[in-house]
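Asks: Since each chain comes alone in its own frame, lean on the hints to assemble the complex.
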Amino acid sequence: EAQVTQNPRYLITVTGKKLTVTCSQNMNHEYMSWYRQDPGLGLRQIYYSMNVEVTDKGDVPEGYKVSRKEKRNFPLILESPSPNQTSLYFCASSFGAFGEQYFGPGTRLTVT
Amino acid sequence: GQQLNQSPQSMFIQEGEDVSMNCTSSSIFNTWLWYKQDPGEGPVLLIALYKAGELTSNGRLTAQFGITRKDSFLNISASIPSDVGIYFCAGLVTSGTYKYIFGTGTRLKVLA
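Which chain is which? The protein sequence lines are A and B, in order. Residues in the first sequence are numbered from 74 upward in steps of one, following the working numbering. Residues in the second sequence are numbered from 3 upward in steps of one, following the working numbering.
Since the hints were derived computationally from the structure, they do not count as laboratory data. Check the hints yourself; a few may be wrong.
[Unchecked claim] Derived pair list, reagent style DSSO-like, types lysine-lysine, alpha-carbon separation capped at 30 Å:
| no. | chain 1 | residue 1 | chain 2 | residue 2 |
| --- | --- | --- | --- | --- |
| 1 | A | Lys144 | A | Lys130 |
| 2 | A | Lys130 | A | Lys91 |
| 3 | A | Lys138 | A | Lys90 |
| 4 | B | Lys53 | A | Lys130 |
| 5 | A | Lys130 | B | Lys111 |
| 6 | A | Lys130 | A | Lys142 |
The following block holds chain B by itself, in its conformation from the complex (with noise of 0.2 Å):
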């Protein structure tokens, strides 16, 4: 099936440091979407993105969905201890079906 390539698998970086990751797939995809994920509970949306080339940005975090539909990337500016989590990015198929293939996650640990 389709999958998504999604690094780092993850990363320790000191407060304050900003963190990017991305996303690449060998398909393309019309939707795009970043989760964060705290220990116990489910993901929560982040930012979604519509548009080939769209760049979207929620507080301290900005996400672009690549202009050849088969990336993204996610920044996290100014890392605070908070931001600890996993993260994954997530594409929407929507040829024929609409279903949703997950990459597999960026744990991220911020040094205080």
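Only chain A is shown next, with the shape it has when bound in the complex (with noise of 0.2 Å):
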């Protein structure tokens, strides 16, 4: 089944303490992004990746790291999360930055 997965799908942690949240796609999708989704302010691109090592910022890079060592896995790193990243974190991949993005579940993060 054609698919994006994220784990964990729920994170309650303290502010500093270093975090992964990974996303895998097996559509064998070049573009690849992250998104945070916050009340009133809808989705907001993170990071995106164009393809295999090749990554850039989107609206809202601070606090955030990316990396694109394989085709199929995008993490997303938060190197000392603070209590304004609690948010509802989505993957998304396409074939291409034009092609109709399929995104995973979620990811719920609470910073505290």
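Replies: In structure tokens:
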């Protein structure tokens, strides 16, 4: 089944404790993205990747890191999480930037 | 950064009514997309528009890419209860980057 998977689905952590949210797709997509969704603000793109080893900033990259060492995986790293990073995070992938983006199920992160 | 103004923010309608929502921007986009998000899930692409003036239908949905490339609208005809959800517009920025800008969403509630 074609899908985008994210882990974990739910995470509660404390300020400053490094964490990684994994994202994996099995559709051989080149373009992958991370978004955060906050009430009243819609989805905001954090980082995107056009292909392996090619990443670029979205609209809200501060406080986040990404890497793309393999085509199928695009982890999101929070080196020192802060409470303002409490949000619902989505990973998405597509065939190229213009293609239909398939979204993962979301990861709800709470930073206390 | 760039913003997409989406309206209305929310709407209640009777089953069977037509619905219209729109998105405007101060910037030009070369691609407009419309997504729907059901509770607890990631957004799903409804319609993609690639050319100014383009009018595209997908079942009861019709969307248009504004001629100025700064706006788009989505119409839903003869709404049904399963149309409930949040609808997002999104624009793809392609000048030196390939990042997505999403609107803040229109929450649709259908009264049976």
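Asks: Now tell me, hint by hint, if it's right for this structure.
Replies: Hint-by-hint comparison with the structure:
1. In summary, the hint linking A/Lys144 to A/Lys130 is supported, as the alpha carbons are separated by about 18 Å, within the 30 Å threshold.
2. A distance of roughly 20 Å separates the Cα atoms of A/Lys130 and A/Lys91; the hinted pair therefore holds under the 30 Å criterion.
3. Simply put, A/Lys138 and A/Lys90 have alpha-carbon atoms about 14 Å apart, close enough for the 30 Å limit, and the pair holds.
4. Distance check on the hinted pair: B/Lys53 and A/Lys130 sit about 26 Å apart at the alpha-carbon level, within 30 Å; holds.
5. A threshold of 30 Å between alpha carbons decides the hint, and for A/Lys130 with B/Lys111 the separation of about 35 Å lies outside it, so the pair is violated.
6. A distance of roughly 17 Å separates the Cα atoms of A/Lys130 and A/Lys142; the hinted pair therefore holds under the 30 Å criterion.
In the structure shown, a violation is registered for the earlier hint numbered 5 alone.
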